[in-house]
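Engineer: Per my numbering: the sequence shown ends with 403, consecutive numbering throughout.
Hints were generated in silico from the structure; no laboratory data involved.
Misleading hints may appear alongside valid ones.
Label-pair ranges, simulated between beta-carbon atoms [unchecked claim]:
| hint | residue 1 | residue 2 | range |
| --- | --- | --- | --- |
| 1 | Leu366 | Leu176 | 37 to 45 Å |
| 2 | Gly97 | Arg265 | 43 to 51 Å |
| 3 | Arg265 | Phe173 | 32 to 40 Å |
| 4 | Gln181 | Gly357 | 48 to 56 Å |
| 5 | Ile7 | His179 | 14 to 22 Å |
| 6 | Pro298 | Arg265 | 45 to 53 Å |
| 7 | Pro292 | Ile7 | 41 to 49 Å |
All values reported here derive from a predicted model rather than from experimental measurement.
Cβ coordinates follow ideal geometry from the N, Cα and C atoms, glycine included.
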Amino acid sequence: MASRRSITFILLMVVVGLNLRPAMSSVAPLLTRLQESAGLSATAAGLLTTLPVLFLGLSAPLAPTLAKRIGSERALSAALTLLAAGLILRGLPLPGGLFVGSAMAGCAIGIGGTLLPALVKRELPDSADLLTGLYTMALCLGGALGAGFSVPLTQLLGSWQASLMSWSLLALFALLLWHFQMPSTTRADIPTPPKSGTLRLLKQPLTWHIMFFMGIQSSMAYIVFGWLPTLLVDRGYNEADAGWTMAVSIMCQLVSALGAPWVARLGRDQRPALLLVLISTAMGLWMLLIAPLIWKWPGAALLGIGQGGSFSLALSLLVLRTANSRLAGQLSGLVQGGGYTLAALGPFGVGVMLQSGADISHIAWLLIVLITVCCGFALLAGRNQRLDDQSGGLLVEHVTRTY
1 MASRRSITFI LLMVVVGLNL RPAMSSVAPL LTRLQESAGL SATAAGLLTT LPVLFLGLSA
61 PLAPTLAKRI GSERALSAAL TLLAAGLILR GLPLPGGLFV GSAMAGCAIG IGGTLLPALV
121 KRELPDSADL LTGLYTMALC LGGALGAGFS VPLTQLLGSW QASLMSWSLL ALFALLLWHF
181 QMPSTTRADI PTPPKSGTLR LLKQPLTWHI MFFMGIQSSM AYIVFGWLPT LLVDRGYNEA
241 DAGWTMAVSI MCQLVSALGA PWVARLGRDQ RPALLLVLIS TAMGLWMLLI APLIWKWPGA
301 ALLGIGQGGS FSLALSLLVL RTANSRLAGQ LSGLVQGGGY TLAALGPFGV GVMLQSGADI
361 SHIAWLLIVL ITVCCGFALL AGRNQRLDDQ SGGLLVEHVT RTY
C-alpha cells in the first residue's frame, strides 16, 4: 500500500509537471498575431520559439550541480520561481521582455525537468518507469491547456500580453504547494555509490544513443509546439481552429504518455514500443501537413499518440538505463542538456525555411526523414542495458529485464 509520503510526492510531481509546457505551447497559437502586432519576421518568430528550448538544453546540465549545492527540493523551488518570473516578464511592455522572459522560462523548465526524473528514481525506484509516464501525462496536459486556452484567454483578458502572463499563476500555485509539501530528505535518502563523473558517462555509447533519440524526438515536439498552428493556418485553417487542432493532438498525448511505459513492459526491451510511437508520429505529420484536410482529426490523434509515447519512453530510458538515482540525475542532465540543445535547431530551422519560401510539404517530408533517423537511435537506446557504478567504475551491463 502506498505511503502518505509517496502519494504526496506523486501529487506534487503532477502539479509541477503541469507547468513545464504551457510556457512554450501558449505562444504557438498566438504566433501569427505576434508577427502582425509586434512586427516579428518568420526568422524572429523562429527565434522566439527556439529560445525556450535552447536555454532548456543549456540549463539542464546545471541541475545536478545545483541540486548538490542546495538540495533537489530547494533547486526545484528555485526553478519554479524563475519560471513564474519569466512568464510575467514576457508580457511586460519592456524592450526584449518577450525574448528574455522566454529564455528565463526555458532555463526554469530545463532545471525542473532534469530534477524530477532523479527525484522519481529516489522516491519510488520500483515504479520509476510507470511514474515517469504519469509525469509525462501531466506535461502533455499542461501543453494542451497552453495551446487550447491561449486564444480564448487573449479574448477574455483583452490582450496577448495578459494571456501569456496569466500562466504565471499556475507556476506560483505549484511553487507554494511544493514549498510547503515537498518531501524532506534525510541522509539515508541520499545514495552514496562511488563517483563516476560526467566524462565517464560521455564515454559510453549508450549515453549518446539516448541523447540523440531524446534530441530528435524533442525537436519534433517543439516544432509542433512552435509552428503547427502557423503551418495549419497556411493550409487554410483559422487561428482558433489551428490552436484547437494542436490542443486535441496534445490531449491525445495523455493516453500514450501514461500507456507507453506499460506497453514497453510487455516486450523483452523497449525497441518495439519506441518504433511504434515514432511511426505514429510520422503518419500524423503526413496526414496534417500533406494529406487532404479530411484527415485532420486522425492526423492530430496519431501525432499526439506518437509524440506523447515517444517523450514518455525517452524519460523512462533515463531511469531504466541507470542503476541508482544519482546516475539517473547525471544521465538526465547530460541527455536533456545535449538533447534539448539539439532540439532547439528544429523550431529555428522551420522559421528559416518559411522565411526562404519553403513549401509546407517539403518541411513535412524533411521532418519524416528526421524521424526515420531517430528510429535508428531508438533501436540502439531501446536495448536492455544499464549503466552501473557499483564496482567503482562505470559499466554498461546487460540485463534480462529492466523491471
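Engineer: Take the hints in turn and mark each one as holding or not.
Structural biologist: Evaluation of the provided hints:
no.	hint	in the structure
1	Leu366 to Leu176: 37 to 45 Å	44 Å, holds
2	Gly97 to Arg265: 43 to 51 Å	46 Å, holds
3	Arg265 to Phe173: 32 to 40 Å	34 Å, holds
4	Gln181 to Gly357: 48 to 56 Å	52 Å, holds
5	Ile7 to His179: 14 to 22 Å	18 Å, holds
6	Pro298 to Arg265: 45 to 53 Å	27 Å, violated
7	Pro292 to Ile7: 41 to 49 Å	48 Å, holds
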